[in-house]
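Each protein sequence line maps, in turn, to chains A and B.
Numbering follows my numbering, in which position 91 of the first sequence is assigned residue number 91; successive positions increment by one, without gaps.
Numbering follows my numbering, in which position 84 of the second sequence is assigned residue number 84; successive positions increment by one, without gaps.
Simulated from the structure, these hints should not be mistaken for laboratory data.
All figures in this text were calculated on a predicted structure; none of them were measured in a lab.
Misleading hints may appear alongside valid ones.
Covered by chain B, per the in silico footprint, the following chain A stretches (three or more residues, Cβ under 8 Å) [said to hold, decoys possible]:
{"no.": "1", "segment": "182–196"}
{"no.": "2", "segment": "202–210"}
{"no.": "3", "segment": "232–242"}
{"no.": "4", "segment": "254–266"}
Glycine residues also receive a C-beta, built at the ideal position from the N, C-alpha and C atoms.
Protein chains: 2
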Amino acid sequence: MAILVVGSVAFDSIETPHGKVDHCLGGAATHFALAASYFTDVRVIAVVGEDFLPKHEAVFTAQGIDTAGIERAPGLSFHWTGAYAGNLSEAQTLGTDLNVFERFEPKIPEAYTDSEYLFLANIDPVLQARVRSHMPKVRMVCGDTMNYWIKDHAANLAAVLRELDVLLINDGEARMLSGETNPVRAAEKVLAMGPKSLVVKHGEYGATGFFGEHSFGGRAVPRPFRAPALPLAEVVDPTGAGDSFAGGFYGYIASQPELTPAVFRKAMFYGGVMGSFACERFGTERLQAVTSGEIEARFALFREISHLDSAI
Amino acid sequence: MAILVVGSVAFDSIETPHGKVDHCLGGAATHFALAASYFTDVRVIAVVGEDFLPKHEAVFTAQGIDTAGIERAPGLSFHWTGAYAGNLSEAQTLGTDLNVFERFEPKIPEAYTDSEYLFLANIDPVLQARVRSHMPKVRMVCGDTMNYWIKDHAANLAAVLRELDVLLINDGEARMLSGETNPVRAAEKVLAMGPKSLVVKHGEYGATGFFGEHSFGGRAVPRPFRAPALPLAEVVDPTGAGDSFAGGFYGYIASQPELTPAVFRKAMFYGGVMGSFACERFGTERLQAVTSGEIEARFALFREISHLDSAI
Numbered sequence: 001m002a003i004l005v006v007g008s009v010a011f012d013s014i015e016t017p018h019g020k021v022d023h024c025l026g027g028a029a030t031h032f033a034l035a036a037s038y039f040t041d042v043r044v045i046a047v048v049g050e051d052f053l054p055k056h057e058a059v060f061t062a063q064g065i066d067t068a069g070i071e072r073a074p075g076l077s078f079h080w081t082g083a084y085a086g087n088l089s090e091a092q093t094l095g096t097d098l099n100v101f102e103r104f105e106p107k108i109p110e111a112y113t114d115s116e117y118l119f120l121a122n123i124d125p126v127l128q129a130r131v132r133s134h135m136p137k138v139r140m141v142c143g144d145t146m147n148y149w150i151k152d153h154a155a156n157l158a159a160v161l162r163e164l165d166v167l168l169i170n171d172g173e174a175r176m177l178s179g180e181t182n183p184v185r186a187a188e189k190v191l192a193m194g195p196k197s198l199v200v201k202h203g204e205y206g207a208t209g210f211f212g213e214h215s216f217g218g219r220a221v222p223r224p225f226r227a228p229a230l231p232l233a234e235v236v237d238p239t240g241a242g243d244s245f246a247g248g249f250y251g252y253i254a255s256q257p258e259l260t261p262a263v264f265r266k267a268m269f270y271g272g273v274m275g276s277f278a279c280e281r282f283g284t285e286r287l288q289a290v291t292s293g294e295i296e297a298r299f300a301l302f303r304e305i306s307h308l309d310s311a312i
Numbered sequence: 001m002a003i004l005v006v007g008s009v010a011f012d013s014i015e016t017p018h019g020k021v022d023h024c025l026g027g028a029a030t031h032f033a034l035a036a037s038y039f040t041d042v043r044v045i046a047v048v049g050e051d052f053l054p055k056h057e058a059v060f061t062a063q064g065i066d067t068a069g070i071e072r073a074p075g076l077s078f079h080w081t082g083a084y085a086g087n088l089s090e091a092q093t094l095g096t097d098l099n100v101f102e103r104f105e106p107k108i109p110e111a112y113t114d115s116e117y118l119f120l121a122n123i124d125p126v127l128q129a130r131v132r133s134h135m136p137k138v139r140m141v142c143g144d145t146m147n148y149w150i151k152d153h154a155a156n157l158a159a160v161l162r163e164l165d166v167l168l169i170n171d172g173e174a175r176m177l178s179g180e181t182n183p184v185r186a187a188e189k190v191l192a193m194g195p196k197s198l199v200v201k202h203g204e205y206g207a208t209g210f211f212g213e214h215s216f217g218g219r220a221v222p223r224p225f226r227a228p229a230l231p232l233a234e235v236v237d238p239t240g241a242g243d244s245f246a247g248g249f250y251g252y253i254a255s256q257p258e259l260t261p262a263v264f265r266k267a268m269f270y271g272g273v274m275g276s277f278a279c280e281r282f283g284t285e286r287l288q289a290v291t292s293g294e295i296e297a298r299f300a301l302f303r304e305i306s307h308l309d310s311a312i
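Next up, chain A with everything else stripped away, as it sits in the complex:
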């Protein structure tokens, strides 16, 4: 089933202990779309500037991603400059040039309105809500957000959260959104805000999913599921790892007939798999080149490093 993703398509200038790249293709919607494209059809709504060239569009189309919703506007594309030090667990933002993204007004192509799966990447919750409202036939809505919207746009974000099937955020965002330091109470509070299910990402420590109680037949407190991350000897560039996690997670869900607890668990493993690939090269380089065979082999490795009956 097709996923429609709305979010940023951007250029990133990144420095890590492994090197430096200037204006490589990036953005949440880009990483998400590439990761999800290995599982299902993907359509993208975004805005780019005149610096977005045919070779950049080809990164999407080579994976069969529908780019009809990528709007061209006069000016330059969104450009993020960041650096990582130490164990690369946190990015230091050195510059955010919104450029054409500043006046982003998502426009949904007619051909996209039958999309059954919607992913609201990290953008202004007002825009997230607007896209959601134009997709009355959507079957499932999954979304992301960040500290900036949690802190200063709480009411707008609350309206989006009420309509989400799955919210994907990281530890810090879960703490900020809930006001709770305890991860279980934080999850309970976030789920009470509307999302049927929640995935909290822990970076190098994997992720914890809380599958909605509705699907468990009214269980009051969703039981957590913990998916590992793969310990990597070389994290070249973690930019986009969280969006790649979301792409693997949601792409797998959209490829399945329905969202059961078993599908949710496998989706969390596929999220970790795609996130781990994303870290291996700068920008989208690794996600462009990964094969289905490599994805399945890594899924098997994730199982091996976390299951008691592992073959090793």
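Position chain B relative to chain A; hints supplied.
Just chain B now, kept in the frame of chain A:
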């Protein structure tokens, strides 16, 4: 098979957001011994003062723990004062009164010399090495250490590491010991210092084990195994959780005929199980009262929250 543990038996005064206790029974050897006692016979070498009363000894003997090696010395027992705030992930030490522990000279009762499993809890590596040297018949040696010994007693610690079968440390200690921020390269460097296997504890995120290459038939880089931690809605007091992890881990290993990769994986789960119980009450309260049925039920829960074929 009997485990001999050498380490601290102490009193702790602890404050957490859930309350405050004064002079409750604590110490690494205490938490370790209680956790391990559910799996195998345990013998303790430690020194205590005149404030260590029959009711304190009864905490050990009620679990069948052999206390013949707990030496009484004039003066007061080791007393630690600490506090936790926020998400209780890090203790703030407010006071360390070594008291009788300052001149601790481990003495090994004759009846203990046939112990096949030795656990060197976090004490001066000179004492760890001395105990090790008096146990020529020991089959397996597992140990812990801390930042203080890594930083200022490196040569003494190196001698201990060379003789270890398993080293259990946390993330910060692994980084400090190896000088590496990347967890895989840190593990490789630590393993090159001598330990055949390594377990790195991540607190609320579980633990990663690196099972020695010898046991995998010469594989150059040990493959990691990731065990989850249980997300707890109430962490009352995390003091001793790491030692309880070690007790569950090593207690299970000592109860098995040999250390295979499968035993190592289950041991990591039992470590997490005992660590999770330890956090539920102040001091040793929960570890004193847990039942075998509760331990097996929680082991099953750890499996459920981490395995793809979970029943939930």
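Inset, instruction - Hint by hint, work out which the structure violates, then give me just those numbers in ascending order. - result: none
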